[in-house]
Structure formats: C-alpha cells, structure tokens
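*Asks:* With chain A's structure known, arrange chains B and C on it following the hints.
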Amino acid sequence: MLSLAEIAHRTQGHVVGDEQICISGVGSLANAKTGDLTHLSNQRYRAQLHTTKATAVLLTEENVAECPIPSVVVSNPQLAFAEIANDFDKRERIPVGIDPTARIDSSAQIGDGVRIGPNVRVSADCVIADGVELCTNVCVGAQSAIGRETSIRENVVIYHDVQIGARCTVHANTAIGVDGFGITVDETGTLQEIPQVGRVLIGDDVLLGASVTIDRGAIDDTVIHDNVKLDDQVHIGHNCVLGAHTIMCGCAGLAGSVTLGEYCVLGGSVGVAGEGPVSIAGGVEIGAMTLVTRDITEPGRYSGATLHTDNRTWRRNMLRLNELDTIVKRLRRVERILEKQTSNDVNSSSAK
Amino acid sequence: MLSLAEIAHRTQGHVVGDEQICISGVGSLANAKTGDLTHLSNQRYRAQLHTTKATAVLLTEENVAECPIPSVVVSNPQLAFAEIANDFDKRERIPVGIDPTARIDSSAQIGDGVRIGPNVRVSADCVIADGVELCTNVCVGAQSAIGRETSIRENVVIYHDVQIGARCTVHANTAIGVDGFGITVDETGTLQEIPQVGRVLIGDDVLLGASVTIDRGAIDDTVIHDNVKLDDQVHIGHNCVLGAHTIMCGCAGLAGSVTLGEYCVLGGSVGVAGEGPVSIAGGVEIGAMTLVTRDITEPGRYSGATLHTDNRTWRRNMLRLNELDTIVKRLRRVERILEKQTSNDVNSSSAK
Amino acid sequence: MLSLAEIAHRTQGHVVGDEQICISGVGSLANAKTGDLTHLSNQRYRAQLHTTKATAVLLTEENVAECPIPSVVVSNPQLAFAEIANDFDKRERIPVGIDPTARIDSSAQIGDGVRIGPNVRVSADCVIADGVELCTNVCVGAQSAIGRETSIRENVVIYHDVQIGARCTVHANTAIGVDGFGITVDETGTLQEIPQVGRVLIGDDVLLGASVTIDRGAIDDTVIHDNVKLDDQVHIGHNCVLGAHTIMCGCAGLAGSVTLGEYCVLGGSVGVAGEGPVSIAGGVEIGAMTLVTRDITEPGRYSGATLHTDNRTWRRNMLRLNELDTIVKRLRRVERILEKQTSNDVNSSSAK
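Protein chains in written order, with my numbering: chain A, 19 to 370; chain B, 19 to 370; chain C, 19 to 370.
None of these hints come from the bench; they were simulated from the model.
Beta carbons: idealized from backbone N, C-alpha and C, even for Gly.
Among the clues, some could well be false.
As the list claims (entries may be wrong) - Stretches of chain C that chain A covers, calculated by requiring three or more beta carbons in the stretch to come under 8 Å of a beta carbon on chain A:
1) 160-173
2) 179-193
3) 259-272
Stated by the list, open to error - Distance condition first, Cα-Cα at most 20 Å in a straight line; then the derived SDA-like pairs of lysine to any residue:
4) B:347 / C:353
5) A:108 / B:217
6) C:347 / A:341
7) B:358 / C:351
8) B:71 / B:84
9) A:108 / B:353
10) C:71 / C:28
11) A:347 / B:350
12) A:347 / B:211
Here chain A stands alone, though its shape is the one from the complex (with noise of 0.2 Å):
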C-alpha cells in the first residue's frame, strides 16, 4: 500500500486530490481495478480518463483539468509509473546464497549476497560480483566475469571469456560468446570453420531478451557498450560493435562487423548485413524488416520494407517491380519522341 503522498515524493509530482489516500495495485486505464494507480502517458487515451476505475493516476499538468480522480502531476508518467510499477512486481527472485546443487569452481571468485540457484555451472576463474543472481541452469563459461547486481535468467548460456557489467539482465534461454560464423573454403571445397579467438564484452545496465544470440569476435572482440536495450531473439554476429542506449526490437539481426552508433533504434526483424563491414551513425532509427547493406552516416529515419495489398494487387505489381527498369526505358522512349515532337514544332514554329 502506497499513499499519493509517498508516490508523489518518489516521482517528484505533486498531488491533485486526497494525498492520504492509497494504491495497492497498478492497472492499465483500459483494465485498471478500485485501488490501482493507472498512467496517463498518450494522449490517443486520454478519453478513458472518464472511464477508467482506476483510484489515482499520474500525468501531466496538461491534463490535470480534465482528470475527474485524483492525481499525481508529474513531468513524464511513464516514467513514475515505471518507478511506481516496481513495487507490485511479483517476480521471485533466487535467494540469496549458493544452492548446494550448484557446481561453482573453485578458482571462480563469487562475490558477496550473490543468489545462485540450482544446477548452475560457474568454470574456472571467474568473477562473479556482489549481488548477482544466476538463475537455475544458468552456465558461465571459464574466465568470464558478471557485474554487480546482473541478473542472469533460466538456461542462460554465457560461453568462456565474456565479461558483461553491472546491472544487466538476461533473459531465458539466451547464448553470449556463441563462436562467430567464420568459414573458408579450402583447396578440396571443404568448408573450414575458422577459429572464433575474440571475446564478448557488454556493458553496465545492458537488457538482452530471451533466445539472443551473441557471438564472439573472430580475433577482436564483440562489444556492447552501456545501455544498449535488445528484444527478444535478436542476434549479434561477431565484431560488432553497438553504441550506447541503442535499442534493437524483437528479432532485429546483424550480420559480423557491423557498427552501430548511439541511441540507435533498429526496427523489429530489421537486418544489417553487406559485402563487408557496414557502419550506422549515432541517432539513426530504422523501420521494422529493412535491410541494410551499406553505411548510413547521418542521422535520421531509414526504411525499406514492402507495405502489404492484398493478394491479387501485390502479386500484380511485384511482377511489375521485376520489369521496372524496361518500365523506365519506355519511358524514356516516350519522352524522346514527345521532345522531338516539341523541337519540331518550335522549328516548324519559328520556320514560318
């Protein structure tokens, strides 16, 4: 139970309303319950301030007029209610301690109030810092090192020599260190895997969903700096190099050696891939299920993907996309008879 006054001191906001009266749960505007906090942080939603059964919400001084229940005014909802949220997360957590069914080696240093859960592997040399929770299945190859407070979840695979910060999550089921894609031909047209000798090195306050992959680098290393933000399923080929707070959505993949700046946003099922190294400036967002072939140097918004018709339309005009550059020959060739016609006339014109 938390009271507006409580919520309004931890966000910074100031109460509209009764301060003494108290939440004990948080709730969509659609969905929320009597007792919920609830957010008003769109203004495509702001109707269901009249709707919502919601106690108290937060929002903006540019809705405080209309808002018929009370309300704590901050400058950014979501994030107070993010803040707020926290609370009523019933999460569990693994507790505190080593769980006897854990094989920890014993040159591994672990740090203090870690929370290792059951049938957890940490190799040889590695450093587990204070706080962090690995949780059941969780595998931590030789000579890698966790961050303080990192939470690592269910059968999450971290290969040897990856060293990743403080305050990360992972999701289930993800690998980090995975050998990168390296294959030569030799002289008999055997495919040779070449030898994948780089790390994996992530930064502090990294999120990586569930089902990522992250391979290592080839000879240098893959590095994920601070605040990067991956959805699920996303993967990383090796040597790349993503900058700060950039955000890659569900799916979204990179080919090896491509380098993302900061405060980049890659689009769901986007895909960065091109004959060699591709290079993406800071700032730069790109639309769900682009491809990306060459640099982008400037910032800005880049897309690529098809819209959907429906059948009988696509498949009409896909078939015209596979003609489109006789399409523009004819047209050319009609504009060379139309200015032939022209020049004609004007000769014909100033000839009389």
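*Replies:* This is chains B and C only, laid out in the frame that chain A set:
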C-alpha cells in the same frame, strides 16, 4: 500391428480390398516400405499410387478406382493418417512420477499422474494439473499454472504468473512470460526499463514450437486463445491477443499490442509492427515475409514481400524502385503534354 | 609459443624473415599486440601492414614485397590462420569421463573418451561414439546417435531418433528433431496436429549455431548432408534436405519440404517457403532477406530484398509501388497514343 478393418473403424472409413491385411508402420507414398500405411491427401502425388511400396493407402472416394493396392476410403485422408500415425510415434515420455532431482516448492499443487523429469524446478504456489508432463530442466515460475495433460519439453522456461491450458504442447527452449520490451528515456537520456507486471494467459490445445518467445503483458495480459498453433522461433510481444485457431509459421513475430482475430494464418517470417497497436481481423492470411504496419479489417489474403530474381535484374530494378515517385511524375508530365496536344487537335479540328 | 618455422611447416608456407621468431598469440592487423601473429586475407586491409603491431603476418606472395615485418607466405592466409589460431583458442572442454550428475540410460552405448558434463541426460538405446562431448544440461532422446568427436554445447535438446555424424559442433540452446509444423483442420474447424514420425539425419562435419531449430520429418526424414554450416537462429522445417557444403547465415529459415543443392549460400534472414515443395539448385547464392517462393534451377546469385532509403523517399516510393500495375497501364496508353500519331504522320506523309 493394425488391421485395415480396425483402421477403417477408427477413421470412420471403409476398406476396399482385404480387411484382414495388417500394417506395421507408416510411410509416405514415395518412401513407404512393405507393411506401411500411407495416404493420398494431395492430388499432386496421385501418380505415386502406382509406384508406392506401401501395403495400404488412406484416400478419398475420388481415387479409389485408380488405386492398385488395398485402401481405406475416408473423407479426410490427412486427418485419418494423423489419427493412425499416432500409434507409431516413437516419442518417449517421462515416466509417471516425480524425478528425485526435481525441485518442487512445498506450496505447489501437483495433480495425479504427472510426469516430472530430472532437474525440473516448480516454484511457489504453482498448480500442475493431472497428467502434466514436465521434461528435463523445465523451470516453472511462481504462481504459474499448467492445465491437464499438457506437455512441456526440455529446457522450457516458464516465468511467474503464467497460465497454460489443457492438452498444450510446448517445445524445447521456449520461454513464456519474458518481460515485455518496454523502454522509456529519462531526463538524462538514459534508457529505463518499464516493469512488466502483466501475465501470460494461454488457452487449451495450444502448440508452441521450439525457441518461441512470449512476452508477458506490460500492465494488462498477453493472451493466446484456444487451439492456436505457433511454429518454431515465433515471437509474441507484450499485450498481444491471438484469437482461437490462429496459426503463425516459423520465425513470424508480433510487436507489442498486436491483436489477431480467429482463424488467421501468418506465413513464415511475417512481421506485424505499427506505430501504435495493430489489429488484424479474423480469417486473414498473410504471405511469408510480409510486414504489416496497419490494421487489416477484412478477411482475405494479403502479401507484401518482393519476388526474388537474378542479382543483376534485381539490383537494376531496386535502384529504380527508389526513384519510382519521380518516374510517376515524369509519366504525368508526358500525359499532360499528350492531353494538351489532343485538346489542341480537338480545338484546331473544331476551329476548322 | 610457436616459431615461424613451425608455423610455415604446419601451413605449407615459407618464412620471409627470421625463422626463429616466436609468436604467443593471434590478433587482427588493426589490434594485434607485440608477439601476435596476424593475417592479410583481404586486400582491403593491405595498408594496415604498415601500421600493425603484430610480430608476424600470414600473407600471399602478392604482398610480400611491401610487408615491413616478418611473414609466412602461404596460398590461403585465412585458412592458414585458422589452423594456427586453433592453438590459441581458450575454449574449455568438459573433462573426459561422465559427470556423476549425468543420467545415462543403461541401454545406451557410450564410446571411449567421451566427455559428458553435469546434468546431461542420455535416453534409451542411444549411441554416443568415441570422443563425443556433451556439455552441461544436454538432453539426448531415445534411439538417437551421435558420431565420433562431435561436440554438443550447453542446453542443446536432441529429440528421439536423431542421427548426428562425426566431428560436428552444435551450439547452445539448439533443438534438433522438434515435431514438424504439420497442422490440418477437422470437420469442426479445429486445428489438429499431424504426428511427426520421421527422423533427422545429420552428416559429418556439420556446424549448427546457437538457438537453431531443426524439425523432424513428418513421415520421411529431414536430412542435412556433410559439411553443412548453419549460423545462429536458423530454422529448418520438416522434410528439408540440405546438400553438402551448404551455408545458411543467421536467422535464415526454410519452410517444410525445401531442398537445397550442394554449395549453396543463403544470406542472413533469407526465407524459402512456397505453396508446395521448393527446390534450389546447387551453387545458388541468395542475398540477405530475400524470400524465395519458387524453384531456382540454375546456379548463380539471386536477390529480392528492397534497398533502404530515408523515410520520406521510402514512403512515397512504396505507396507508388502499390499502384505500379496502374502506372504501367498509363504508360501503355501513352505509348498507344504516340504510336497512333506516328502511324497517322506516316499515313499523312505517304498521302502527300
């Protein structure tokens, strides 16, 4: 060993040929061995009736006359084959009981006839119904519930507060209830994760493939209705709602807050991701690798992917595509010139 | 420590410079440290020969003259580097033996020199050949077989009746032998799963990345021939057949019943999915994010993805794309008018 009489009985069909013939396995028309039952469900393979080594075939009335081997005539040979093939499915099951290495919280309710394998972890307040199978290394988070006869394959991670219905199958390495990808920016430009406190609710008879990721709701719940079938590597963002009997093929993905109606079919690698919530009507089929960014309100078939072609043609056409708007403007200019000529002609004609 | 003489011997090369010089590590041209061996395999990086801190470099005859540091001259520097880099690969191996927490069915045949880690499960009638490595938490289903010296990384799930050849590597969280996605509709409109009773057969020297999913055959088998290399997050549907020496890059996926010839290269996120089975000839290369819906019968390079551009240009052109067929009709109308004019001109000329 099954007699054709028995097969006909179980599939509501009738035998053409000797009812006492027995089959000892199943096979495709092309590769069946003597003793196998096969089926003809697609007229494309009809000629193979004459070359198959199968001992008997499930088919419809339509193909009886031309069939040189004993047959069982049914209304839906594929469905009938599915029914019989079950008998020859060699998949192992975890034995009934709880493996001594499984870790079951004392507050969890465990039904009768459950099959709980090695190293399984079931957390506080879980409800595991009768006949549930939890294979090796499965983790079930606190307050989650799994319905009767549902089978969860190896290394699946179910987070807290997830409800799964009866008779579902969840394949290996899938994660359910992962934190949704909710990110906001604070006043310092740092990305902050918004706590994801909604649940995941999954109906009865749902199939989830391997390496599927299903995010929990941000505040409200992510909902998957009865009889939904998701292929491997599908991704479901937070607060999605999938209508009953809907299919998503391999690698398809939904961003947050996507609603799919009933009986939709999304092809492989389809993506649905808009600026805001996207809603797709029931009965919509979407072609492979299509991106959907806006609502689809009418049932029907939709596509958006481009067609492949040889690299030279492709490069030429794609460069043209990026000047298509200019091309249309050139066309319009040409049309205007011609219109003017025509009206001049008309004028000069009428002037005569 | 390796002398250049030794390196030259192992790579069938010859030393230019002091044969007694020793190297103690490997590095890229750009980031090598003193003591490292590097390689020049791409003329793009040629200028770095003059700035590298490496102690020696693998290169071809072509670059010897300009190289200021000791070198080993070989025919394929990348391949030679791969050979030597293996010595500096710090990856840990599970020790020889069977971990006491591993669960091996008494009917399984276990070869000599196997390395079986913690919590591994090997089911009935499996055959684990000499020198196989099964890392922590690996599950192997009944009747499956794994060939000599194959290494299966952490948390991989191998279903029943899967055959894997010799010297393969399977990375973390991959699932092999998952039920194919075979769905049919019964008379009530309910989706029914068709039992998947085929197997998965994988040849020798195959590489599977992390979070790969390989479905078992519906009736016949899914087959992956020798020396195939699959990157992370690749998906293989039921009854696919992959020819020897074929490569699929990250996130590429095949629907059911796709056949790839030998020496194909599928770029990242390529999808192959047709109405029926799709067959792709040997020697076909497909550009990233291309969708292939029909057979490709000739070797060569194919693509289909659109190119990215800035958002405004993109939106304008994509809207035009959805009216392309109409545009072509307008062009044809223009052409007809001009043809008529020309033939009129000709007529009137000839009439004169």
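*Asks:* The structure should be examined with respect to each hint, and the outcome stated for every one.
*Replies:* Evaluation of the provided hints:
{"no.": "1", "hint": "160-173", "verdict": "holds (count 3)"}
{"no.": "2", "hint": "179-193", "verdict": "holds (count 4)"}
{"no.": "3", "hint": "259-272", "verdict": "holds (count 5)"}
{"no.": "4", "hint": "B:347 / C:353", "verdict": "holds (16 Å)"}
{"no.": "5", "hint": "A:108 / B:217", "verdict": "holds (10 Å)"}
{"no.": "6", "hint": "C:347 / A:341", "verdict": "holds (13 Å)"}
{"no.": "7", "hint": "B:358 / C:351", "verdict": "holds (15 Å)"}
{"no.": "8", "hint": "B:71 / B:84", "verdict": "holds (16 Å)"}
{"no.": "9", "hint": "A:108 / B:353", "verdict": "violated (66 Å)"}
{"no.": "10", "hint": "C:71 / C:28", "verdict": "violated (23 Å)"}
{"no.": "11", "hint": "A:347 / B:350", "verdict": "holds (16 Å)"}
{"no.": "12", "hint": "A:347 / B:211", "verdict": "violated (52 Å)"}
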